[in-house]
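Asks: Kindly generate the complete structure, drawing on both the sequences and the hints.
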Amino acid sequence: AQSVAQPEDQVNVAEGNPLTVKCTYSVSGNPYLFWYVQYPNRGLQFLLKYITGDNLVKGSYGFEAEFNKSQTSFHLKKPSALVSDSALYFCAVRPNTNAGKSTFGDGTTLTVKP
Amino acid sequence: DVKVTQSSRYLVKRTGEKVFLECVQDMDHENMFWYRQDPGLGLRLIYFSYDVKMKEKGDIPEGYSVSREKKERFSLILESASTNQTSMYLCASSLGLYTDTQYFGPGTRLTVL
Chain A
1 AQSVAQPEDQ
11 VNVAEGNPLT
21 VKCTYSVSGN
31 PYLFWYVQYP
41 NRGLQFLLKY
51 ITGDNLVKGS
61 YGFEAEFNKS
71 QTSFHLKKPS
81 ALVSDSALYF
91 CAVRPNTNAG
101 KSTFGDGTTL
111 TVKP
Chain B
1 DVKVTQSSRY
11 LVKRTGEKVF
21 LECVQDMDHE
31 NMFWYRQDPG
41 LGLRLIYFSY
51 DVKMKEKGDI
61 PEGYSVSREK
71 KERFSLILES
81 ASTNQTSMYL
91 CASSLGLYTD
101 TQYFGPGTRL
111 TVL
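Chains as they are written, first to last, in my numbering: chain A, 1 to 114; chain B, 1 to 113.
Calculated directly from the structure, the hints in this document are not laboratory data. Among the clues, some could well be false.
What the hints assert, rightly or not - Taking beta-carbon pairs under 7 angstroms as the criterion, some of the chain A residues facing chain B (in silico):
#1 Y61
#2 F63
#3 D106
To be verified - The calculated lysine-lysine pairs, modelled on DSS-like cross-linking and capped at a C-alpha distance of 27 angstroms, are:
#4 A/K58 / B/K3
#5 A/K101 / A/K58
#6 A/K77 / B/K53
#7 A/K49 / B/K18
#8 B/K53 / B/K3
#9 B/K71 / B/K57
#10 B/K55 / A/K101
#11 B/K57 / A/K49
#12 B/K3 / A/K101
#13 B/K55 / B/K18
#14 A/K49 / A/K69
#15 B/K3 / B/K55
#16 A/K101 / B/K71
#17 A/K77 / B/K55
#18 B/K57 / A/K101
Ideal Cβ positions, reconstructed from N, Cα and C, are used throughout, including at glycine.
Replies: See the structure below:
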């Protein structure tokens with residue numbers, strides 16, 4: 001069975017500092033990995049995905065994530081956080097052998113303080 | 001831009017009522033999904049559909065059914081609502097099943113009294 005772990009329920013950073021939101025996964029076969037963001041009272045919005053190729057993926061709003069196969073991780077990063085980045089972040093994994101069935105992590109609340 | 005709309009933002013129903021949640025997408029996507037979102041549990045897949053009249057169970061299908069009579073519309077049905085089905089329900093669509101991004105609606109917050 002596939003699974004996703006977001007080990008931190010909450011991440012707090014100061015504006016201008018780098019941020020990292022962690023994600024590790026377990027899946028059979030090669031993974032397709034996604035990050036989504038949810039702003040208050042809104043649906044989820046796509047940030048970035050890893051399918052194949054370069055392990056460093058760049059996405060929306062200056063976010064990036066690095067796929068690390070040996071550590072089965074896909075951490076989300078941003079060099080300089082903004083207050084407007086404060087939101088709930090979800091990591092998701094979909095194996096290349098199981099069409100349609102994505103597994104989402106429990107979510108990490110990011111708070112960026114001025 | 002892809003637009004996924006859900007029929008209600010907030011819904012209050014009584015135990016035992018039959019509840020319909022409607023979702024419409026405007027991008028001719030093949031695939032549509034229903035999730036429920038609960039604090040600390042993330043998103044859990046209830047059902048998905050990869051074509052008109054086709055459906056697959058997700059991780060938590062018990063107590064739910066779905067209907068997809070037209071490509072753009074995917075309905076979630078609670079045959080007899082129970083209090084443990086109080087939750088946020090999110091609909092999503094995607095073009096492909098494997099690598100494609102899912103586009104989400106704004107969600108329906110359902111309260112069952």
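Asks: Does each hint fit the structure? Answer for all of them.
Replies: Results of checking the hints against the structure:
1. Contact between A/Y61 and chain B, as hinted, is not supported at the beta carbon level, the nearest pair being about 15 angstroms apart and thus beyond 7 angstroms.
2. Interface restraint check for A/F63: the shortest CB-CB distance to chain B comes to about 14 angstroms, outside 7 angstroms, so the restraint is violated.
3. Below 7 angstroms, beta-carbon pairs count as interface contacts, and A/D106 has one with chain B at about 4 angstroms; its hint therefore holds.
4. A distance of roughly 24 angstroms separates the Cα atoms of A/K58 and B/K3; the hinted pair therefore holds under the 27 angstroms criterion.
5. Taking the CA atoms of A/K101 and A/K58, the gap is near 24 angstroms; set against the 27 angstroms cutoff, the hint holds.
6. Annotation: proposed proximity of A/K77 to B/K53 is violated, straight-line Cα distance about 41 angstroms (limit 27 angstroms).
7. Restraint check for A/K49 and B/K18: not satisfied, since their Cα atoms lie roughly 38 angstroms apart, outside the 27 angstroms limit.
8. The hinted pair formed by B/K53 and B/K3 meets the criterion: a straight-line CA distance of about 22 angstroms does not exceed 27 angstroms.
9. At roughly 18 angstroms between alpha-carbon atoms, B/K71 and B/K57 fall within 27 angstroms of each other, so this suggested pair holds.
10. For a cut-off of 27 angstroms, the pair hint linking B/K55 to A/K101 stands: about 12 angstroms separates their Cα positions.
11. Distance check on the hinted pair: B/K57 and A/K49 sit about 25 angstroms apart at the alpha-carbon level, within 27 angstroms; holds.
12. Restraint check for B/K3 and A/K101: the C-alpha separation of about 21 angstroms stays at or below 27 angstroms, so the hint holds.
13. Among the hinted pairs, B/K55 with B/K18 is consistent with the structure: their alpha-carbon atoms are about 20 angstroms apart, no more than 27 angstroms.
14. The suggested pairing of A/K49 with A/K69 holds, with an alpha-carbon distance near 15 angstroms, which does not exceed 27 angstroms.
15. Between B/K3 and B/K55 the alpha-carbon distance is near 22 angstroms, which keeps this suggested pair within the 27 angstroms criterion.
16. Note on A/K101 and B/K71: the hinted pairing holds, with a Cα-Cα distance of about 19 angstroms set against a maximum of 27 angstroms.
17. Between A/K77 and B/K55 the alpha-carbon distance is near 36 angstroms, which puts this suggested pair outside the 27 angstroms criterion.
18. Note on B/K57 and A/K101: the hinted pairing holds, with a Cα-Cα distance of about 9 angstroms set against a maximum of 27 angstroms.
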